[in-house]
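Make a model of the complete structure from these sequences and hints.
Under the UniProt record's numbering, the first residue of the sequence shown carries the number 1, and numbering increases by one thereafter.
Rather than coming from a laboratory, the hints here were simulated on the basis of the structure. Do not rely on the hints blindly, as some may be mistaken.
[Stated by the list, open to error] Taking lysine-lysine and the DSS-like style, the derived pairs with C-alpha atoms no more than 27 angstroms apart in a straight line are:
#  : residue 1 : residue 2
1  : Lys169    : Lys79
2  : Lys79     : Lys24
3  : Lys169    : Lys199
4  : Lys194    : Lys169
5  : Lys169    : Lys207
6  : Lys199    : Lys143
7  : Lys24     : Lys199
8  : Lys6      : Lys82
9  : Lys6      : Lys79
10 : Lys194    : Lys207
11 : Lys82     : Lys24
12 : Lys79     : Lys143
13 : Lys194    : Lys143
14 : Lys169    : Lys82
[Stated by the list, open to error] Here are the computed distance ranges between Cβ atoms for each label pair:
#  : residue 1 : residue 2 : range
15 : Asp196    : Asp293    : 45 to 51 angstroms
16 : Glu40     : Pro265    : 22 to 28 angstroms
17 : Arg180    : Asn273    : 47 to 53 angstroms
18 : Asp160    : Gln301    : 25 to 31 angstroms
19 : Gly201    : Lys24     : 46 to 52 angstroms
20 : Glu98     : Val172    : 30 to 36 angstroms
21 : Lys82     : Glu209    : 42 to 48 angstroms
22 : Leu197    : Asp239    : 35 to 41 angstroms
23 : Arg212    : Asn273    : 23 to 29 angstroms
24 : Asp160    : Lys82     : 48 to 54 angstroms
25 : Arg244    : Pro265    : 18 to 24 angstroms
26 : Gly280    : Leu197    : 45 to 51 angstroms
27 : Val172    : Gly282    : 23 to 29 angstroms
Glycine included, each C-beta is placed from N, C-alpha and C at the ideal position.
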Amino acid sequence: MTDFNKPQRAVVFGYHNVGVRCLKVLLAGGVDVALVVTHEDSANENIWFESVISLCQAEGIPYITPADAGSPELLEQVKAIKPDLMFSFYYRNMLPAELLAVAPAFNMHGSLLPEFRGRAPVNWAVLHGATVTGATLHEMTVKPDAGAIVAQMEVPVLPDDTAFEVFGKVTVAAEQALWRVLPSLLDGTAPRLKNDLSKGGYFGGRKPEDGRINWLLPAQDVYNLHRAVAPPYPGAFTDIGGVRYVLQRARLSGNFGNVVSLSLPPGLTVVDNCIFGVCGDGRMLTISALTADGEPVTAEQLQSRLAALSAGGQ
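Pasting the structure below:
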């Protein structure tokens, strides 16, 4: 039987901004964090987020970075700690059943479950044009994002929010949700709400190639793609004449009569020294920052390139 007069001991699996903020909540709430399991930063990744390792070093918390969350060595190490609770805050690997059996385990997911279960929930929410999302703390089961809901906090998704901006809101929502429920979680009275898997959907991870633009789609769909993968993510892109053009900043414009009058085809174009992306429904994205094979390109440069391709019959 758990003694609630002594600090609850926890093992935390964490990474990214949500890992940092939620770990800070546990520390502020008096939880004895005996071990943090995290990831080494990858040299091949754009690291734009906070470091769980740096927080552990600053707070004197033991941490490890195992390559395999399912290894017998990790299981034995966690068992030896005899945690009262375990948490997963944006840890990137699934935890096996044997590990979940060690102690009650809770995961923080970046959506309002059961919506957008699975990987990259914020990006998928923006891509699908969601107007609200949030963070959900739920019981961990072998099936991902399927356990009972313990706490939720919602945030708005504004029409021009990028996934990066929404992720910032979701990070705060995760911190708030955990902070509010932590006392009842520690004394065993936290709620358990049904996570209705007949609603919402499961989504897989996203790859840079998923950012390829289909200009035949309606402008809102193309704009949602741009918002979902805008920097610091890899960005929405289109290939023209062997050159990869990536949208860095864009906005969805109103209806332009000149699109019809000029009979502009879908794709990148330059009108009045401004770069636009013409979409399948005749509406355009106003593109204020564009790169060509990683280098910034101006409207004048783009117009010259497109003219040269046109003259060459490509």
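Evaluated hints:
1. Lys169 - Lys79: violated (35 angstroms)
2. Lys79 - Lys24: Judged against 27 angstroms, a Cα distance of about 23 angstroms means the pair holds.
3. Lys169 - Lys199: Satisfied, since the Cα-Cα distance of roughly 24 angstroms is no more than 27 angstroms.
4. Lys194 - Lys169: holds (25 angstroms)
5. Lys169 - Lys207: holds (23 angstroms)
6. Lys199 - Lys143: holds (16 angstroms)
7. Lys24 - Lys199: At roughly 32 angstroms apart (the allowed maximum being 27 angstroms), Lys199 and Lys24 break the hint.
8. Lys6 - Lys82: Roughly 14 angstroms separates the two Cα atoms, so the pair holds.
9. Lys6 - Lys79: Distance ~19 angstroms between Lys6 and Lys79 Cα, so the pair holds.
10. Lys194 - Lys207: With Cα atoms ~32 angstroms apart, Lys194 and Lys207 exceed 27 angstroms; violated.
11. Lys82 - Lys24: Judged against 27 angstroms, a Cα distance of about 21 angstroms means the pair holds.
12. Lys79 - Lys143: holds (22 angstroms)
13. Lys194 - Lys143: holds (15 angstroms)
14. Lys169 - Lys82: Not OK: Lys169 and Lys82 at ~34 angstroms, beyond 27 angstroms, violated.
15. Asp196 - Asp293: 45 to 51 angstroms: Once the Cβ atoms are compared, 46 angstroms apart, the range 45 to 51 angstroms for Asp293 and Asp196 holds.
16. Glu40 - Pro265: 22 to 28 angstroms: violated (47 angstroms)
17. Arg180 - Asn273: 47 to 53 angstroms: Given about 52 angstroms between the Cβ atoms, the range holds.
18. Asp160 - Gln301: 25 to 31 angstroms: holds (26 angstroms)
19. Gly201 - Lys24: 46 to 52 angstroms: Violated: the Cβ-Cβ distance is about 32 angstroms, outside 46 to 52 angstroms.
20. Glu98 - Val172: 30 to 36 angstroms: holds (34 angstroms)
21. Lys82 - Glu209: 42 to 48 angstroms: holds (45 angstroms)
22. Leu197 - Asp239: 35 to 41 angstroms: The hinted range 35 to 41 angstroms holds for Leu197 and Asp239, with Cβ atoms some 39 angstroms apart.
23. Arg212 - Asn273: 23 to 29 angstroms: At roughly 27 angstroms between Cβ atoms, Asn273 and Arg212 fall inside 23 to 29 angstroms, so the hint holds.
24. Asp160 - Lys82: 48 to 54 angstroms: Taking Cβ atoms as reference, Asp160 and Lys82 lie about 49 angstroms apart, which means the hint holds.
25. Arg244 - Pro265: 18 to 24 angstroms: holds (19 angstroms)
26. Gly280 - Leu197: 45 to 51 angstroms: Since the Cβ atoms of Gly280 and Leu197 sit about 34 angstroms apart, the hinted range of 45 to 51 angstroms is violated.
27. Val172 - Gly282: 23 to 29 angstroms: violated (38 angstroms)
Comparing the model with each earlier hint shows violations of hints 1, 7, 10, 14, 16, 19, 26 and 27; every other hint is respected.
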